[in-house]
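S.K.: Okay, here's what each chain looks like letter by letter:
Protein chains: 2
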Amino acid sequence: MTYPSFHPPVRTLMGPGPSDINPRVLAAMSRPIIGHLDPAFVGMMDQMKVLLQYAFQTENELTLPVSAPGSAGMETCFANLVEPGDEVVVCINGVFGMRMKENVIRCGGTPIVVEEEWGQPVDPQKLENTLAAHPDARLVAFVHAETSTGVCSDVKTLSQVAHARNCLVIVDTVTGLGGSEVRVDDWGVDAIYSGTQKCLSCTPGLSPVSFSPRAVERIRNRKHPVQSWFLDLNLIMGYWGSGNAKRAYHHTAPINALYALHECLVLLREEGLEEAWARHRHHHEALKAGLEAMGLSLLVDEPHRLPQLNAVKVPEGVDEAAVRTQLLERYGLEIGAGLGPLAGKIWRIGLMGFGCNQRNVLLCLHALEAVLTEMNAPIERGHAIRAAQRVYGETGHRDEV
Amino acid sequence: MTYPSFHPPVRTLMGPGPSDINPRVLAAMSRPIIGHLDPAFVGMMDQMKVLLQYAFQTENELTLPVSAPGSAGMETCFANLVEPGDEVVVCINGVFGMRMKENVIRCGGTPIVVEEEWGQPVDPQKLENTLAAHPDARLVAFVHAETSTGVCSDVKTLSQVAHARNCLVIVDTVTGLGGSEVRVDDWGVDAIYSGTQKCLSCTPGLSPVSFSPRAVERIRNRKHPVQSWFLDLNLIMGYWGSGNAKRAYHHTAPINALYALHECLVLLREEGLEEAWARHRHHHEALKAGLEAMGLSLLVDEPHRLPQLNAVKVPEGVDEAAVRTQLLERYGLEIGAGLGPLAGKIWRIGLMGFGCNQRNVLLCLHALEAVLTEMNAPIERGHAIRAAQRVYGETGHRDEV
Numbered sequence: 018m019t020y021p022s023f024h025p026p027v028r029t030l031m032g033p034g035p036s037d038i039n040p041r042v043l044a045a046m047s048r049p050i051i052g053h054l055d056p057a058f059v060g061m062m063d064q065m066k067v068l069l070q071y072a073f074q075t076e077n078e079l080t081l082p083v084s085a086p087g088s089a090g091m092e093t094c095f096a097n098l099v100e101p102g103d104e105v106v107v108c109i110n111g112v113f114g115m116r117m118k119e120n121v122i123r124c125g126g127t128p129i130v131v132e133e134e135w136g137q138p139v140d141p142q143k144l145e146n147t148l149a150a151h152p153d154a155r156l157v158a159f160v161h162a163e164t165s166t167g168v169c170s171d172v173k174t175l176s177q178v179a180h181a182r183n184c185l186v187i188v189d190t191v192t193g194l195g196g197s198e199v200r201v202d203d204w205g206v207d208a209i210y211s212g213t214q215k216c217l218s219c220t221p222g223l224s225p226v227s228f229s230p231r232a233v234e235r236i237r238n239r240k241h242p243v244q245s246w247f248l249d250l251n252l253i254m255g256y257w258g259s260g261n262a263k264r265a266y267h268h269t270a271p272i273n274a275l276y277a278l279h280e281c282l283v284l285l286r287e288e289g290l291e292e293a294w295a296r297h298r299h300h301h302e303a304l305k306a307g308l309e310a311m312g313l314s315l316l317v318d319e320p321h322r323l324p325q326l327n328a329v330k331v332p333e334g335v336d337e338a339a340v341r342t343q344l345l346e347r348y349g350l351e352i353g354a355g356l357g358p359l360a361g362k363i364w365r366i367g368l369m370g371f372g373c374n375q376r377n378v379l380l381c382l383h384a385l386e387a388v389l390t391e392m393n394a395p396i397e398r399g400h401a402i403r404a405a406q407r408v409y410g411e412t413g414h415r416d417e418v
Numbered sequence: 018m019t020y021p022s023f024h025p026p027v028r029t030l031m032g033p034g035p036s037d038i039n040p041r042v043l044a045a046m047s048r049p050i051i052g053h054l055d056p057a058f059v060g061m062m063d064q065m066k067v068l069l070q071y072a073f074q075t076e077n078e079l080t081l082p083v084s085a086p087g088s089a090g091m092e093t094c095f096a097n098l099v100e101p102g103d104e105v106v107v108c109i110n111g112v113f114g115m116r117m118k119e120n121v122i123r124c125g126g127t128p129i130v131v132e133e134e135w136g137q138p139v140d141p142q143k144l145e146n147t148l149a150a151h152p153d154a155r156l157v158a159f160v161h162a163e164t165s166t167g168v169c170s171d172v173k174t175l176s177q178v179a180h181a182r183n184c185l186v187i188v189d190t191v192t193g194l195g196g197s198e199v200r201v202d203d204w205g206v207d208a209i210y211s212g213t214q215k216c217l218s219c220t221p222g223l224s225p226v227s228f229s230p231r232a233v234e235r236i237r238n239r240k241h242p243v244q245s246w247f248l249d250l251n252l253i254m255g256y257w258g259s260g261n262a263k264r265a266y267h268h269t270a271p272i273n274a275l276y277a278l279h280e281c282l283v284l285l286r287e288e289g290l291e292e293a294w295a296r297h298r299h300h301h302e303a304l305k306a307g308l309e310a311m312g313l314s315l316l317v318d319e320p321h322r323l324p325q326l327n328a329v330k331v332p333e334g335v336d337e338a339a340v341r342t343q344l345l346e347r348y349g350l351e352i353g354a355g356l357g358p359l360a361g362k363i364w365r366i367g368l369m370g371f372g373c374n375q376r377n378v379l380l381c382l383h384a385l386e387a388v389l390t391e392m393n394a395p396i397e398r399g400h401a402i403r404a405a406q407r408v409y410g411e412t413g414h415r416d417e418v
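Residue numbers (my numbering), protein chains in the order written: chain A, 18 to 418; chain B, 18 to 418.
Among the hints, erroneous ones may be present.
A pair counts as met if it fits within one copy or between any two copies, since identical chains are not told apart.
[Stated by the list, open to error] The calculated lysine to aspartate or glutamate pairs, modelled on DMTMM-like cross-linking and capped at a C-alpha distance of 25 Å, are:
(1) K362 / D55
(2) K330 / D55
(3) K66 / D202
(4) K362 / D202
(5) K66 / E288
No lab work stands behind these hints, which were simulated from the structure alone. Since this is a predicted model, take the numbers as computed values, not measurements.
Using the sequences plus the hints, can you model the full thing?
M.R.: So this is what it looks like as structure tokens:
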């Protein structure tokens, strides 16, 4: 048996992430490796921190990419902030809230759940009621941008409710960062994690995180050691510390992936954060117009929709998996399935980062209409592309990509 | 302030890892991304498993790359196999044994330490004595290839001692895999972890691991849940499971890094495992001849030396950090410093994977002699390169790289 090199097929990624990667980023990733303690690498890391602070809109000193995927970023927040016996209020309105609860349990904490229907944002009043009933709670955790449903919760209001009850706030913005408004300092978030393979359009495997001075103080004054050596921020701070201090070896950083993330952040800075948010909003409007012209509807109510992740209801009687297979095989187009109670009921169409552009919107509408037509699905035909074109025409927005 | 793209300087990496990456691997890493549940990606993963089984010389079904660096591979082994209250015998003869002990503590286990001088292999008799004194121990952990000293311990004998006392065995071969003999099944190892940035010459950020059926059984029958959600093998097995089963989403795999690892393993298979081990041995002989001709000596006694990591004693009165700075600045050559009690006393010169070749051996001897000469260090001059050439001439080995 021989083992040839692997050559991936050409795809267009419009699922819930990973998203397509800009060729500039692929080029950066394939530059020759240097040591993780090399002065040139350390200089790059210092810049990375400033660029991440920009992306998160924060001045938090402890802002860095965890050397593992988003779920490790989540675990970094919980393992460092939860102590055994702590009461932690977790708001659940999708898969990732459930995972937060699991993290609390594994860290020895006691989760107190605020439950919300999937597809609905977290209700600040419910959080307030729960906190009133649990005065010993020390932490509140919720998802800003739920990747499983495409719903956006109001981080600023939820954080205010939590702070009024003396709780620190942990926020999941894996799908949020770079795609829609994130303002860590203005919103008063204490710990936040993201992923690189969503709206930053980087390779998966890194998790940008940021911690407020209050969170750092709590981590420094823990009664019990952090249960994970690999994710212990007290140790990691020694490596990703301030620019002039000596870098203490903790683990070998994923060097090429960090080249890639640096380039993604340079691209984000070149475009401008608010411009990137506006671009996501714009192409979402075009996609939505096309989908609605086809007679399809979105799961999430208008004011709470994430532009970068569109949960589309599967029409009655349609085999959603067969549609995805057709899209992949005939158009090289990947869209996502529903998870948990939404499995079989929705598709998740991502418009993330580099993949958020006219070309992808038009391909998706064209391919979806063609496949659904062939399956005799109950849709309106012949209007979707025109509806999207009207959005593009009306605004006169020039697609940069 | 502007943020330009990062262009790393050209280096030759002869430290303790990362090592230089083959251009074929850099090219693989920069191929366009596809989804982590794409059928083409799943097919690549199935092949990856077979290739990793070859590299580890094992038929263990549970053989996969953890989506994070070697220290996370270590933590995967301990977090899954140690239960609160377990007695775990840890053999310490360098930095990574110390880190193992720390892992045991953080998992709620009780470490029982077998201590050895740094630079010495673990003594099977000491292990036997310790196990005799602690009949309740359930696990024995030690390092095969100590990256901090370059010493190799006898895994097969140590494993036999452990098994005779009913203990499972956890082995660190971060620096071993691909560079010198590793035979997981023949040696009777129950859990083993490696890194990708050493003798596999891949990008850092992945940790190949393998678990025996006995280890899997113990993991499946744990009394307490694994404290890490991200590293819980009971969950990860659902994604990296058998080829035909449906892949359950756990976390987003680091896709491009996995392209790279696949290509490294294809290269290893093309060369042949035993041929790769022989190549490391061969260039080590040449480097050693040159170093000794310069009057330098190695820390580790002959029979226990790792060819891929050469710990060289710093001559009396030489500022070792200044030497490394000169090598880096004038020759673009990175070698490693000593750690812990060996800081300032040794250099660590790696001959790892793609970086283990004639060109690097000759550059290193030339540059080191030039820098030491300029510093008036007490060395023999003018013989090092000739000594290495004699090794190459005598064997007639043709350098493939």
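S.K.: With reference to the structure, classify each hint as holding or not holding.
M.R.: Do the hints match the structure? See the list:
no.: 1; hint: K362 / D55; in the structure: between (51 Å within a copy, 20 Å between copies)
no.: 2; hint: K330 / D55; in the structure: between (51 Å within a copy, 22 Å between copies)
no.: 3; hint: K66 / D202; in the structure: within (15 Å within a copy, 44 Å between copies)
no.: 4; hint: K362 / D202; in the structure: neither (37 Å within a copy, 46 Å between copies)
no.: 5; hint: K66 / E288; in the structure: within (18 Å within a copy, 41 Å between copies)
Figure legend: structure checked against the earlier numbered hints; the only hint not met is number 4.
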